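K.L.:
Use the sequences and the hints to build the structure in full.
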Amino acid sequence: MDAAVGMNQVVEENLALLQQRWPQLYTRITTALFDYPLEWITHTPATSLAVNGYRLWSAFNPEAEGELQATPVPDTATEAWVYGIGSGDLIRALLRRDDLKQLHVVILNPGLAHLLMHSLDHRDWLQDPRVELLDAAGQTLPQSPFAVVPACLHLCTDETVALRDQLLLELNTPFERQRQQGREPLRQKRIEQNRSLITSDGDVDALFGSAQGSSIAVVIAGPTLAQTADWLQSNRNEGPVIAVDGALSPLLKKNIVPDLVVSVDDNEEWIVKYFSGDLAACKNSTLVYAPVVPHAALLLWPGRRLTMYTSEARYDKLRQQIPKGKLFLSGSVSHAAVDLAVKMGARQVRLFGADFGFPGDQIHANPDGPVEFYDNAARAGATVKNGHGQMIRTLPSFNGYRLDLEQYIAHIPDITFINMSRNGACIRGTVYPDEGSA
Amino acid sequence: MILKDFHAFINDYHETLMGLHCGQTARANHHLVRLLDRLIEFLQALPPPQVVAALPVIQSMAAAKERDDSVSLADTVQFELPQAALVETFGSALFEMPTLLQLKSIARLLKQTNGAHQVANELGSIYADNPEAFGLAFYFAESLSRESRSADLIHLLQAEEKAGRLSPASAYSLSLLLADNDEFEQAERLMDWAYTRSQKLQDGYAQLGWKKGHHDLDWNSAYQLMNKDRTNNRISPFWLKTMAQAAAHASRMDDAKALIADCYQADGTMVNGYTRIGWCGYLLNGNKNDYKTLVGQDRSLGRFSEQQDAGPVFQAAEQVFDGEPFEQVYAHLTKAAASTPHNRNWFSVVGWLYIREGSFLSGYKMMLHDYQANLMDKTLWFPSYTVALLLAGEHERAKELLTTAQTDNWLTQRNLLGYSTMPDAVLTSNEFEQLILNPEQSPTYQMLVEKFRRAPH
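Same order as they appear, the protein sequences are chains A and B.
FYI, in our numbering the residues of the first sequence are 1 to 438.
FYI, in our numbering the residues of the second sequence are 1001 to 1457.
Certain hints may be false.
With a cut-off of at most 25 Å between alpha-carbon atoms, the simulated PhoX-like pairs for lysine-lysine come out as follows [as the list claims (entries may be wrong)]:
#, chain 1, residue 1, chain 2, residue 2
1, B, K1378, A, K189
2, A, K273, B, K1335
3, A, K324, A, K283
4, B, K1257, B, K1228
5, B, K1335, B, K1378
Have a look at the derived ranges for each label pair, beta carbon to beta carbon [to be verified]:
#, chain 1, residue 1, chain 2, residue 2, range
6, A, L197, B, Q1186, 53 to 59 Å
7, B, N1374, A, R319, 41 to 47 Å
8, A, K253, B, D1037, 34 to 40 Å
9, B, T1340, A, L38, 49 to 55 Å
10, B, Q1044, A, G182, 25 to 31 Å
11, A, L186, B, T1379, 20 to 26 Å
12, B, N1374, A, G138, 53 to 59 Å
13, B, Q1044, A, P129, 55 to 61 Å
14, B, A1053, A, T31, 48 to 54 Å
15, A, T199, B, L1437, 40 to 46 Å
Pulled a few chain B residues facing chain A out of the computed Cβ check, cut under 10 Å [said to hold, decoys possible]:
#, residue
16, M1018
17, N1029
18, D1069
19, F1079
Since the hints were made in silico from the structure, they are not lab data.
As the structure is a prediction and not an experimental result, all values here were calculated from the model.
Think of the CB as a built atom: it goes at the ideal place given N, C-alpha and C, for glycine as much as any other residue.
P.N.:
Here you go:
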């Protein structure tokens, strides 16, 4: 900031530039309420501001922080999106790039933007003709390439939560994908181990259309299954029950034998355990499995087995050699189970234990599941809103799975999806039993 | 903290910061957890006053994480943590953001042909612009180490040494790498240099000594070298325990026992210390009673673990010495292995024990388990397994296995038979081939048969 110019004048000029270039946004920003607790941090090399406990920019070197935040945008990009304002250093870092012709700055919280206009000098980037300031309200999908001011994601408004979640999903996807790629050799090995079973077992396609117009229960292994299983027990005859593998033993303990069990995971450590109990009751049930499921687990199944593929490229060759039906999968077995219900012809799908989080800090319905792994990961701080509007702990990956399920549901308007518990994550596109439509 | 962890530590440090700054929570969380684990390990090895100085920073990180305040966390990790605990060892340039970005941008050169030389040149330019910087080659250590490119890593570190820009951590790593390449004199020189400049380094001579012991099989010299860390109080409990084994290999059983006593006093979680030196003693002189006495000592102290630190193998050894039937020993190991998915070489060790005791067929049958289950480390145990086949009368199969040595790369210039650490059990590849192809003309074969057949059954 020019030493000769007082802060009051800077604020006036910030606001004047806003009004002049984006009059509608100016009104929205200057009328927005923002009553989070603020704390200026002044004992550090750079002055910073914490809002509701979140430091907005580095208290040591915000300029260098901006450079680092800008790294997800390729150096050669001519157009980019920035979500959140913060100190403005991320925006400046991108504007310093000669190749950049247009920069869309998306405001996730107008009240916070108002506060920032009153706190810092933003005149340089506000008057840069390449900058286009946008309101995130109503936007649900991120534009690429983009970079974010991480603290602003925490401070988004309720109406921009959907966009925020999608941003987090996009931000975390490369890392998750890289992690998954590390497992690819193991998966190829599994496919080879299972080849003879894949050849001799049936095709999931045989189930498609087999339960037209029915109400199908899809049982996932979230903690709320313990609370909702009684309903399922009492209403067992309502329609077919599809369980994911992790939910199998909790159901059997309640004497609920699922008609179908879906298994897609390659993790030997806990998948084999899921099938290690007494499965005699399942001799008339069907296992639908992906070719990467541990061989030992498949051999433990007492009933009929049907193979399924997903759209993942690893199955392309196998698909040609041994054609089988395909189910939707985007990281979670719950996707395949729901898609199976839809492809069977359900008119209504009831979701049990579909928590995508840790309600009441409970981790998993199945003690044989990856309880310790999730418990450790859950300390990472990710949260999600439950059906009561309260925040519960979750994992970034669970949020990703939920968002992918929400997108899937959005494309199936004719089917009613009922989330049987409000205690788990709120899933857009579903209704609760107490909302009437169930 | 050992070499591998140093590399991984720096990698986790940078990945955590990138994740935090860019809002990539999964990446940040994944690496932060590992960073904290390694940091705690690093701090545990420091003298108490330095740990006390670092504690507020760790608490500050924990508090920021609890609030999910990623910017505070990044600030603490980036600006406060290095000053509190890391700069002396690693140098400060490695923790500065502009340098970090420069290093990231040149890291991709490593993928190219002659990449290490290009990176060394680029590092030279960065050093020219930053007269105060040192220790930057360490940034590339993780990926080079992961890809087993030790020659490239040595090249980078030596270029840094030539430019007078080594950090104590770089010198420490380079020293260990040189030892892996049998250049012990150079390795010791660099370790001296690193230790003089960073009081926080420890276990360096212990590691050099252990490597030297395995290389020269001169365990007395190895013990003397390791003892440098002990006399200067720069050794962790883990390395005290390892040093005790070197002492036992050197027939210094009293020293070995004293080291285990120190190790137990320093760390209440250490187990199987007396058992291990008893095992070394058995390897040296075949004294089963001493072994059993020392196992008993661990048991009476509540320090014998059936699960940790090769506990099932030590138990199996006791069973063999007590004359329990083969089936019982095999069943015990099988059960223990089932609950330890990452066990490796267990059956091989016990198999060689049988061979050592003159039961060649039982030895072969035991080792066959690891071989068939793909749980046998090739360079470490394939030579012994081939010999086990030979001794068990499976000469043709031994010759057949030898034909895979070149393609599977398991025969080296120094092949150790069994778990022995004595010079007469090390064979060159030529000697090994002679042993397998023409056993009757091999002095080693005569020695093995005579020595082991002589052993009490």
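K.L.:
Decide, hint by hint, whether the structure agrees.
P.N.:
Here is what the structure says about each hint:
1. The straight-line distance between the Cα atoms of K1378 (chain B) and K189 (chain A) is roughly 21 Å, inside the 25 Å bound, and the hint therefore holds.
2. At most 25 Å may separate the alpha-carbon atoms for a hinted pair to count; K273 (chain A) and K1335 (chain B) meet this at roughly 17 Å.
3. Restraint check: the Cα-Cα separation between K324 (chain A) and K283 (chain A) comes to about 23 Å, which is no more than 25 Å; the hinted pair holds.
4. Restraint check for K1257 (chain B) and K1228 (chain B): satisfied, since their Cα atoms lie roughly 18 Å apart, inside the 25 Å limit.
5. At most 25 Å may separate the alpha-carbon atoms for a hinted pair to count; K1335 (chain B) and K1378 (chain B) meet this at roughly 24 Å.
6. Distance hint check for L197 (chain A) and Q1186 (chain B): the Cβ-Cβ separation is about 56 Å, which falls inside the suggested range of 53 to 59 Å.
7. Between N1374 (chain B) and R319 (chain A) the C-beta distance comes to about 29 Å, which lies outside the given range of 41 to 47 Å.
8. For the hinted restraint 34 to 40 Å between K253 (chain A) and D1037 (chain B), the CB-CB distance of approximately 36 Å keeps it satisfied.
9. T1340 (chain B) and L38 (chain A) have their C-beta atoms about 54 Å apart, which keeps the hinted 49 to 55 Å range intact.
10. Taking 25 to 31 Å as the suggested C-beta distance range, the pair Q1044 (chain B) and G182 (chain A) conforms, at roughly 29 Å.
11. Distance hint for L186 (chain A) and T1379 (chain B): a CB-CB separation of about 23 Å, consistent with the stated range 20 to 26 Å.
12. The beta-carbon spacing between N1374 (chain B) and G138 (chain A), approximately 56 Å, falls within the hinted interval of 53 to 59 Å.
13. For the hinted restraint 55 to 61 Å between Q1044 (chain B) and P129 (chain A), the CB-CB distance of approximately 56 Å keeps it satisfied.
14. One distance hint, 48 to 54 Å for the beta-carbon pair A1053 (chain B) and T31 (chain A), holds here, with the actual separation near 50 Å.
15. Roughly 44 Å separates the CB atoms of T199 (chain A) and L1437 (chain B), a value that falls within the hinted 40 to 46 Å.
16. Look at M1018 (chain B): its Cβ gets to within about 7 Å of chain A, closer than 10 Å, so that hint holds up.
17. Evaluation of the N1029 (chain B) hint against chain A yields a held restraint, the C-beta minimum of about 4 Å falling below 10 Å.
18. The beta carbon of D1069 (chain B) comes within 5 Å of a beta carbon in chain A, closer than 10 Å, and the hint placing it at the interface holds.
19. Taken as an interface hint, F1079 (chain B) checks out: its beta carbon lies about 4 Å from the nearest beta carbon of chain A, inside 10 Å.
Consistency note: the structure conflicts with earlier hint 7 alone.
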